[in-house]
Amino acid sequence: MAETGTRAPQGADTPDRRTYALYTLAVVAAGWIIAAVNTGISYLALGLVAIPIVTGLIGCLAVVTLLRLLHCAWWLAVLSAAPALFVLVGSVQYAPEAALDSRGVRETVRITADSAEDHGGGNHRFTLVGEAGELDETLDWNGSFPDWRVGDRIEIVRDPEGVVPLEAATDVDPGGRLTGLLLGGTGWTALTLLAGLRGFTRRRAGRRPVFDD
289 MAETGTRAPQ
299 GADTPDRRTY
309 ALYTLAVVAA
319 GWIIAAVNTG
329 ISYLALGLVA
339 IPIVTGLIGC
349 LAVVTLLRLL
359 HCAWWLAVLS
369 AAPALFVLVG
379 SVQYAPEAAL
389 DSRGVRETVR
399 ITADSAEDHG
409 GGNHRFTLVG
419 EAGELDETLD
429 WNGSFPDWRV
439 GDRIEIVRDP
449 EGVVPLEAAT
459 DVDPGGRLTG
469 LLLGGTGWTA
479 LTLLAGLRGF
489 TRRRAGRRPV
499 FDD
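All letters in the sequence shown, in the order written, are residues 289 to 501 by my numbering.
No lab work stands behind these hints, which were simulated from the structure alone.
Treat the hints with care, as some may be off.
Claimed, not checked - What follows is a set of in silico ranges between Cβ atoms, one per label pair, in the way DEER data are often shown:
1. A318 to V438: 40 to 50 angstroms
2. W362 to G410: 19 to 29 angstroms
3. G439 to L313: 15 to 25 angstroms
4. R394 to T307: 52 to 62 angstroms
5. G410 to D304: 50 to 60 angstroms
6. S403 to A317: 28 to 38 angstroms
7. F433 to T307: 24 to 34 angstroms
8. E419 to A350: 46 to 56 angstroms
Please read all numbers here as calculations on a predicted model, not as lab measurements.
In this text, a Cβ means the ideal position worked out from N, Cα and C, and glycines have one as well.
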């Protein structure tokens, strides 16, 4: 694709290599700080998943914007959406799953009813019965094609403090969430380093495109 921007004359406003390296490292640090802060917000807002989702989306958009400014082009910023998804999911889900893993009570239950079958709709709220009778909480599945059906016996993990919603034991994997979070942060780091290298080259050459070639 042909260059869509203009070639500006080199001038005093073009940063030197050391300064641009510092810019790049600052963006790398910002990405990891955003991931860590959103994980902390998720801990502080256990049971209120909407809060870390919103703050995580804002943080991911901030990283995309910083990459755009650093690279002086859009395509690496757009690619950063892939690791951003890992960061978002990991930072939002790690805290509640770690809480369930550390203090949760495991129990084998039987599914006795499905709200989607009784009342229609695409979301499923499964009624659970354990040894002590019917549980106050339901096992929720948002969307079609749930992993369970009425009559199944499954192991669940519930929070004795009632803060974190119960989950199927197979879905509680804080180690996997942390791994995804770290992979996302590493992906951001790699893209940021590449953006810094290419951005410095483009600015030194005087190119200021709106979209990259």
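Violations among the numbered hints: The structure conflicts with hints 2, 3, 6 and 7, although it agrees with all the remaining ones.
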